[in-house]
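Line order of the protein sequences matches chains A and B. For the first sequence, this note's numbering gives the first residue as 1, with consecutive numbering after it. For the second sequence, this note's numbering gives the first residue as 1, with consecutive numbering after it.
Check before you lean on any hint, since a few could be wrong.
Repeated chains share a single entry, so a pair holds when one copy, or any two copies, can fit it.
[What the hints assert, rightly or not] Lysine to any residue pairs mimicking SDA-like chemistry, simulated, CA-CA at most 25 Å apart:
(1) 244 with 99
(2) 142 with 204
(3) 142 with 103
(4) 205 with 35
(5) 184 with 248
(6) 240 with 101
Honestly, the hints are just simulated from the structure, not real lab data.
Protein chains: 2
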Amino acid sequence: MSIVWFNGGFVEGRLSLDAADRGLTLGDGIFETLAVHGARAIWLDEHLTRMAVAADELGLGFDGAKIRAAVAAVLAQNKFTTASLRITLTRGVVEPRTLTGFGASPSLLVSLSEFNSALSQTITLAVSSIRRNETAPSSRLKTLSYIDNIAAAREVSARADDALMLNSAGHVACTTIGNLFLLKNDQLITPRADQGILSGITRAKLLSQAQEQVVTLADLHAADAVFRTNSLRLVTQITKLDNKPLGNRSLEHIRDFIAKRM
Amino acid sequence: MSIVWFNGGFVEGRLSLDAADRGLTLGDGIFETLAVHGARAIWLDEHLTRMAVAADELGLGFDGAKIRAAVAAVLAQNKFTTASLRITLTRGVVEPRTLTGFGASPSLLVSLSEFNSALSQTITLAVSSIRRNETAPSSRLKTLSYIDNIAAAREVSARADDALMLNSAGHVACTTIGNLFLLKNDQLITPRADQGILSGITRAKLLSQAQEQVVTLADLHAADAVFRTNSLRLVTQITKLDNKPLGNRSLEHIRDFIAKRM
Chain A
1 MSIVWFNGGF
11 VEGRLSLDAA
21 DRGLTLGDGI
31 FETLAVHGAR
41 AIWLDEHLTR
51 MAVAADELGL
61 GFDGAKIRAA
71 VAAVLAQNKF
81 TTASLRITLT
91 RGVVEPRTLT
101 GFGASPSLLV
111 SLSEFNSALS
121 QTITLAVSSI
131 RRNETAPSSR
141 LKTLSYIDNI
151 AAAREVSARA
161 DDALMLNSAG
171 HVACTTIGNL
181 FLLKNDQLIT
191 PRADQGILSG
201 ITRAKLLSQA
211 QEQVVTLADL
221 HAADAVFRTN
231 SLRLVTQITK
241 LDNKPLGNRS
251 LEHIRDFIAK
261 RM
Chain B
1 MSIVWFNGGF
11 VEGRLSLDAA
21 DRGLTLGDGI
31 FETLAVHGAR
41 AIWLDEHLTR
51 MAVAADELGL
61 GFDGAKIRAA
71 VAAVLAQNKF
81 TTASLRITLT
91 RGVVEPRTLT
101 GFGASPSLLV
111 SLSEFNSALS
121 QTITLAVSSI
131 RRNETAPSSR
141 LKTLSYIDNI
151 AAAREVSARA
161 DDALMLNSAG
171 HVACTTIGNL
181 FLLKNDQLIT
191 PRADQGILSG
201 ITRAKLLSQA
211 QEQVVTLADL
221 HAADAVFRTN
231 SLRLVTQITK
241 LDNKPLGNRS
251 LEHIRDFIAK
261 RM
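Here chain A stands alone, though its shape is the one from the complex (with noise of 0.2 Å):
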């Protein structure tokens, strides 16, 4: 069970949406996921950050202090010792029914879920035919638009957990939940901002350690060891890349190498 926060009150599970909120019918808002240790949500000023710039960048009304007072509301309720924690911003009805309208009422969704972080901690990743657009906010920001990445995650399911995604260009960007960064000679690389990445919190977490650049299938395949980055499973090491082996550094390598550096 979740504990459902929707538009200034808690709700049982259900929504009463208005059937023209463009979060439901154009994926037209933004969101946040954050980890939850008991009435603590993990690094919810940097969420709260990234959403203000891109509901700034997509023209979304943005109101701190309201997100800031749901999210309270719903951590005091926390029974959970670790949960997730998802925050939902769409632009809401928008009259006339212009794609360019601005939504002058927004719906906020802000719910809480169990989630178990003793996941996998190491993965497998397949290459998708489907690349990231680096010209696209939806490559940026976290928007409500994800289709090509569950398109992706799909094609590859079968084959591996989780889906590599490459830029227009044919270079490294992400997976379809979280950065890529590699280890190769004791430094931390990961693709660069303009790469068609997600700004993720935990890789802007390590990039004062780590050195910015073009990626490519080659520099995975050569790297001492690589993994995914976000913010509800932290590290998680990526052992294979289309059923070849990835680097031969352990996990407790990647974790020890982490922290002596932050």
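Since the structure of chain A is provided, determine the placement of chain B on it from the hints.
Frame of chain A, contents of chain B only:
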């Protein structure tokens, strides 16, 4: 006011939607928009065929008979002279919450709204910096993940009525809400299906009379006339591109040309 049918019956404009419905949380669904004259939804068979193809590719549950029954129920309530009908199908709730899950109970939303077909029949375009991703399902299928189109329309809204989107190779694809055709020396030309375009129903109706090819911006500037097609507005002439006049033929000429060949 709209007439709204959702998951089994008529509702008063607000849906009781599961907070985890993937249509809302991840733009995970598809839709069709049809013109309605009286009790008749124009090209309903063609729209449902396209929807079935998209549902199959994306792994969404599709029940054509159920959709037809809902559409018939909504059309029977129609009081508008001209209206637009929207059919929305989402993946519904997926348990466990993996990107790759099927969704055993898709959500079906059918809504009918008055539509003024006397909207402007000529528009201007400006080129967006956001490209169409010809490798992505979202560029070919009419999915709920529409945010890049919205961002493109917003980007040019101060200087044009709609955005012209190029694909990742820099060739002409389409606009945010329709396909493009050009008329040159009595030949109808349209971007090829592999150019990152939506597989439009009105486009399909004209295709037997047209040549599909790679189209450049220079081709548009050299055309005798350029027009946009979509199911609600049918043929809309493009009079300017980035503030430069396009073609020297009238909208009447375009319509005559098309009418003689269908």
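Quick rundown of the hints versus the structure:
1. 244 with 99: Answer is between; shortest inter-copy Cα gap is 24 Å, intra-copy 45 Å.
2. 142 with 204: within (15 Å within a copy, 34 Å between copies)
3. 142 with 103: both (19 Å within a copy, 22 Å between copies)
4. 205 with 35: within (15 Å within a copy, 51 Å between copies)
5. 184 with 248: within (11 Å within a copy, 61 Å between copies)
6. 240 with 101: between (45 Å within a copy, 22 Å between copies)
Hint violations for this structure: none, all hints satisfied.
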